[in-house]
Amino acid sequence: MADACRDPAFGTPVPVTYYQQPVQIARQPTPMTSSSDWCSGLVLGTAMGNTVVTSFTFPHDTLGVTGGQISYSGDDPQHAQGTYQAVVNTVGQGAIELSAACLSRMGTSVSCDAVASALTTFAGMKQGDPGIACSDSPSEPATCQFFFSYQNIRCAPIAGGACQCNYGVSFSGTLTGRWTRVGTLLIHNDASRTLPSQADYCVQGQGSLSLWGHDGTSILNQPGLRTLSLQRSP
Amino acid sequence: MKIPRLISWIGAAVLLVMPRAYAQTREPGQEPEDVPPVGDNPTTVEPAPPSSPRAAPPGPGWQRSLYGFAELDAMHDTSQAYGPASNNAMLARPGSYAGAHARTQLTVANSQLGVRLAAPDYGRIKTSGRAEIDFFGVQPTDATEQTTFTTPSVRMRLFYVELKTPIVDVLVGQYHDLFGWGGAGFYQNSVAFLGVAGEIYHRNPQIRLSKTLGGDSAVSLDLAVAAVRPVQRDSEVPDVEGGIKVSVNTWKGATAQGFGRPSVAPLAIGVSGVGRRFAVAEFLPNPGDAKIAFGWGAAANVFLPVIPVRSDSDRGNALSLTVEASTGSGISDLYTGLTGGALFPLLPDPSGNLVPAPIYRPNIDSGIVTYDANGDLKSIDWRAIVLGAQYYLPVANGRIWVSATASRIESANILGLTPEASRGGIFLKQEYVDGNLFAAVTPEFQVGISYQFSRQTFGDRPFDVNLPHPVGRNQRGELGFRLFF
Numbered sequence: 193m194a195d196a197c198r199d200p201a202f203g204t205p206v207p208v209t210y211y212q213q214p215v216q217i218a219r220q221p222t223p224m225t226s227s228s229d230w231c232s233g234l235v236l237g238t239a240m241g242n243t244v245v246t247s248f249t250f251p252h253d254t255l256g257v258t259g260g261q262i263s264y265s266g267d268d269p270q271h272a273q274g275t276y277q278a279v280v281n282t283v284g285q286g287a288i289e290l291s292a293a294c295l296s297r298m299g300t301s302v303s304c305d306a307v308a309s310a311l312t313t314f315a316g317m318k319q320g321d322p323g324i325a326c327s328d329s330p331s332e333p334a335t336c337q338f339f340f341s342y343q344n345i346r347c348a349p350i351a352g353g354a355c356q357c358n359y360g361v362s363f364s365g366t367l368t369g370r371w372t373r374v375g376t377l378l379i380h381n382d383a384s385r386t387l388p389s390q391a392d393y394c395v396q397g398q399g400s401l402s403l404w405g406h407d408g409t410s411i412l413n414q415p416g417l418r419t420l421s422l423q424r425s426p
Numbered sequence: 002m003k004i005p006r007l008i009s010w011i012g013a014a015v016l017l018v019m020p021r022a023y024a025q026t027r028e029p030g031q032e033p034e035d036v037p038p039v040g041d042n043p044t045t046v047e048p049a050p051p052s053s054p055r056a057a058p059p060g061p062g063w064q065r066s067l068y069g070f071a072e073l074d075a076m077h078d079t080s081q082a083y084g085p086a087s088n089n090a091m092l093a094r095p096g097s098y099a100g101a102h103a104r105t106q107l108t109v110a111n112s113q114l115g116v117r118l119a120a121p122d123y124g125r126i127k128t129s130g131r132a133e134i135d136f137f138g139v140q141p142t143d144a145t146e147q148t149t150f151t152t153p154s155v156r157m158r159l160f161y162v163e164l165k166t167p168i169v170d171v172l173v174g175q176y177h178d179l180f181g182w183g184g185a186g187f188y189q190n191s192v193a194f195l196g197v198a199g200e201i202y203h204r205n206p207q208i209r210l211s212k213t214l215g216g217d218s219a220v221s222l223d224l225a226v227a228a229v230r231p232v233q234r235d236s237e238v239p240d241v242e243g244g245i246k247v248s249v250n251t252w253k254g255a256t257a258q259g260f261g262r263p264s265v266a267p268l269a270i271g272v273s274g275v276g277r278r279f280a281v282a283e284f285l286p287n288p289g290d291a292k293i294a295f296g297w298g299a300a301a302n303v304f305l306p307v308i309p310v311r312s313d314s315d316r317g318n319a320l321s322l323t324v325e326a327s328t329g330s331g332i333s334d335l336y337t338g339l340t341g342g343a344l345f346p347l348l349p350d351p352s353g354n355l356v357p358a359p360i361y362r363p364n365i366d367s368g369i370v371t372y373d374a375n376g377d378l379k380s381i382d383w384r385a386i387v388l389g390a391q392y393y394l395p396v397a398n399g400r401i402w403v404s405a406t407a408s409r410i411e412s413a414n415i416l417g418l419t420p421e422a423s424r425g426g427i428f429l430k431q432e433y434v435d436g437n438l439f440a441a442v443t444p445e446f447q448v449g450i451s452y453q454f455s456r457q458t459f460g461d462r463p464f465d466v467n468l469p470h471p472v473g474r475n476q477r478g479e480l481g482f483r484l485f486f
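Sequence lines, in order, name chains A and B. Count the first sequence with our numbering and you get residues 193 to 426, in order. Count the second sequence with our numbering and you get residues 2 to 486, in order.
Keep in mind that the hints were calculated from the coordinates and are not lab data. All values derive from a computational prediction rather than experimental measurement. Honestly, I wouldn't trust all of these hints.
[To be verified] Some chain B residues near chain A, calculated using beta-carbon distances under 10 Å:
#: 1; residue: G100
#: 2; residue: F345
#: 3; residue: Y372
#: 4; residue: N375
#: 5; residue: P420
#: 6; residue: A422
Built from N, CA and C at the ideal position, the CB exists for glycine as well.
Pulled out of the complex, with its shape left as it was, chain B reads as follows (with noise of 0.2 Å):
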């Protein structure tokens, strides 16, 4: 299939409800990420010839950019424990065979494709929409090492509809979380695959409110508010987030979001929360009610151009630093691929003979929440940092930068909602280390080497109880080609 056909069929489906309405882009500022606006991208093609009634594409006016980029990454680690992504995985164990050999991979399924849209004005109001897969989709369970690498599954990114109003502005389907300002500029710049430990990451099915006062003058104010995908449907409500974000919009700084193409963004703190409702099915063979807790999160982000950028074109001595720090119960699945370990415990069989033996079927994911040795429902405390620094050279514009990311994350209930017994399985903290060697090759190329260490606290205390935690390391070394489209 021809990419004009591709682009029409996609952006069909993703603007199958929007109403007609006149040529607009996108601002700018609202982009996640280092994906260039509407019109920006050479692309950008006409609306091809409808083939049905119902994939009809678009009609004059629209406007369509193909986007994404095509990358390869290879990594090297000392341990076995982690896959091509390091997120917030379990290390292999000080001793044990994944502990004690090295792992190498190579991998292209982060590359991404993606297609924008933007809708005719109606009036004062703009619509535009959004599809972006990436090749990070669940893999059928029987695949083997050879299919997870060669021909991974496709997973969805982003998809979603979003208009803007005088009014409020509208953000429909799947979305980075408003919890941390997913998407809006506060991600650190690293070769590792986002999150890195302890970094809300995270993207869900939303609806999302949201308002820009301010927006041309030297501050503005963004608020907006979420019903998100509960992170349980048992519990029948979505969950709610919240967050303002404050840009500083004269002080002014280069950036690069994870592995992406260095842009200029405002000065920007950001705080926002998340509230959520746990009913979980009691702690017995055939439960009767549910259980219901709740869980929250708190999280500030700030975006600090130390050095400002002199221009979009000239990026060079430019020193710009992120923060997010995080806290929060019942919020595990918000970082990427976090549970420490933490499971249900196993249902007692004190007689020991009762057949079938009993089984405990929770309806919610592992290590959000767990039951304690009460029959108590609770929630896993987590809290963390992440610092990032970026430097860019004051060579070749600025082409040539350096970054480094400096992380740790921590439960302070996750060993004494776990069973003795199971205490080796789970880990209480984590920090991670990062620093990267960056070059724009060309504008639409670009090169990464990166060295990441990471260590985790696993929750048993061998040999004698006055002894510290084990600790397992990994240290990776990872080199990464984008090229941008």
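Chain A on its own, in the form it takes in the complex (with noise of 0.2 Å):
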């Protein structure tokens, strides 16, 4: 992948405690929309000693595209349909202020440093395998965290008894499917999702390939992802 562009897409985050909710009376108002956990799900807890969390959403804005690769297979003399492999790296940056209230709140009183420590211990679990279904939108369902890594959890105390913690975020989600084409239209049909992404591309000399996401809709549906900008592998 030579270059990419992306809009500085956002999803609303998916309000978890609005889930199991009982059907709402009629004639009473329903509930205001809200904004998201100051907390972001945060669950401490101590083992042997020692703090362990064992749940957090690492918040942070969409992800740059910094490289990649896509891999297409033909099945067809006519080169009109195959299979591909997509592999599309992002990275950022995540921050978040953990009020005293969030690093109390279990019956805990936790250092900053330890707060860091056990956030990296709960990054590095991953659950499953780093699949086909999620993208890195903000908007994903709570499991595609998983998907994530985060590096360099750094947590340092500020006033009133809060951490403030960074960390840096990437996701090399792979994704695969079969593509047909279509005249200058590139459809990819993603295993992991119901509708294809549609793409216009244009092979331009020797091994290089551009595409755009056709009528301004992202390619291979990650979230605001508008060109693409490939180079043949030696």
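Need the complex rebuilt from these two chains, each delivered in its own frame; the hints are there to steer you.
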């Protein structure tokens, strides 16, 4: 992947505590829309004297595309269809201010260093194979958080007994499926999605392929991903 | 129903409790916006015979006038973020569908109908009342686009009675907020619907006491204080607004309020303030007590005739400026449609398996206050400035004129009061400029064309924390037609 262009996509976080609500009673006002949880779902505890995190969602904004590979293989003599495997690498930074209320609400008293250590351990606990069901959209289900990786997690004390935590975020999801070609349109039928994504393509010179999201849509269903410039690997 | 009967019905409703008195007319200088004073309007009619004891029309000596305007506005936007009015609404994010596609709207909902009544004077007490409606009322939730634009709902704009006495003047009812000296001649001239971004523009039920000192002299002073509908009824305490206005009556300039008809007004400087209390349910699924916070606001308004007007009938070469600077906390409702995207946070569900999951039900509108990460109630700060200029070309007695507006509004704490994951849904600041060309084809028929540009800075930092915040933009072209009657 030689170059990419991405818009600053934003997805409203999924309000997980709205799940399992009883059916709204008629003539009663519906609850106001809310923003997200200040503590980002943090659950702290202790195990054998050590601070552990058993739940947390690392908040971050849209990640920038840094590289990747897309492998196209044809199974048709006219080169009109085949299979593909795409790896889109994205990186960025995240930060959260964990207030004293967040840090103590589980009955714990922890230092910021201990929080950073516990978050690092938690971030390393991959639950399943980095897979095809998740993109790096902030609106992805919470389970997709495990397909991100978080580096250099650092937490420093700030005023009011809070911890300011900063970390790097990267995502290298692998997207697989079948592709078909119709005119100048390249259609990616992702194995995990019900709707295909469409891209206009142009082959330039020796092994250079450019993709544009068709009609302004996102390439490979990655939110905001507008263009990709690919160079054939040697 | 014939117009005289309609006026009588509305008038009887407005002035049912007024004392009988003798003929009087309102002072033109006290008129908000672009409405001619009682007695100047050819539609003034005589009372209709009573139809029932309760709706009995006022007797001899009353003066009534029907006024208003029929208006059509046609707008084209480069995004799909705005309805008919832009105000302080959220813009679409760059790269989104709404941000990348245009929209065209035509509406007559800004048309207005009003009736003003003046009772006969009772000794030295002058009594008057006013009712005014437009068609920007609340639409039912199942309204379609067609019904929204072709059968809009009626909205009450003004509905008040006013007593002028030698000691103090009393206004009771719904009127412009005293904060920002609404309706007192400080609005800028624009085809855009007021209030534009960062402009204090709001009406409220209130009880206002005011006093004008030196009304007939070169310099006059207006003092006013009002108890206003509390922004949160559960706060128990009415909002308090107060203001002082100084007018230099020998230095007059031409002014048009919004898309209103030009008139002549004196140089004026106004300062005003608002104070309010919040008592918001604790940030718990089942709150116990209320959390208390206080909001405040201060505003300064100037109307400056740089080149004074020659006469009422010749506005040519007149140049006037308007300035409004405001700051405060917990006052977003006083800027039209402003929340900045601020919401109450989500109540945590640490175990993730509470059934039903906890839900917080705030007892105040969104965007005014919120709970911070420590569960403390905080009011959201805003500060704004709005500059306006209007110049009446030295042709056709100033019946062709141009105007421009520039404004900016920003919040210093909305970012810190929004959880990290939701910061893409708020804006930190908004900037707005417009340019307008008007022509009074006849004294009663006015046409305006406008270009308006809005820009909002969102709260997130995608890609890299060292890169600037994303910015949303919209450009609007607007054409307005208005027939005054």
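Results of checking the hints against the structure:
A hinted interface residue such as B/G100 counts as satisfied when its beta carbon comes closer than 10 Å to some beta carbon of chain A; here the least separation is about 9 Å, so the hint holds. Here the hint on B/F345 is kept, as its CB sits about 5 Å from the closest CB of chain A, short of 10 Å. Restraint check, B/Y372 versus chain A: the minimum CB separation of about 8 Å is within 10 Å; hint holds. Satisfaction of the interface hint for B/N375 is found here, the shortest Cβ-Cβ separation to chain A being roughly 5 Å, below the 10 Å cut-off.
For B/P420, the interface hint holds, since its Cβ comes within 10 Å of a Cβ in chain A; the closest pair sits about 4 Å apart. Contact between B/A422 and chain A, as hinted, is supported at the beta carbon level, the nearest pair being about 4 Å apart and thus within 10 Å.
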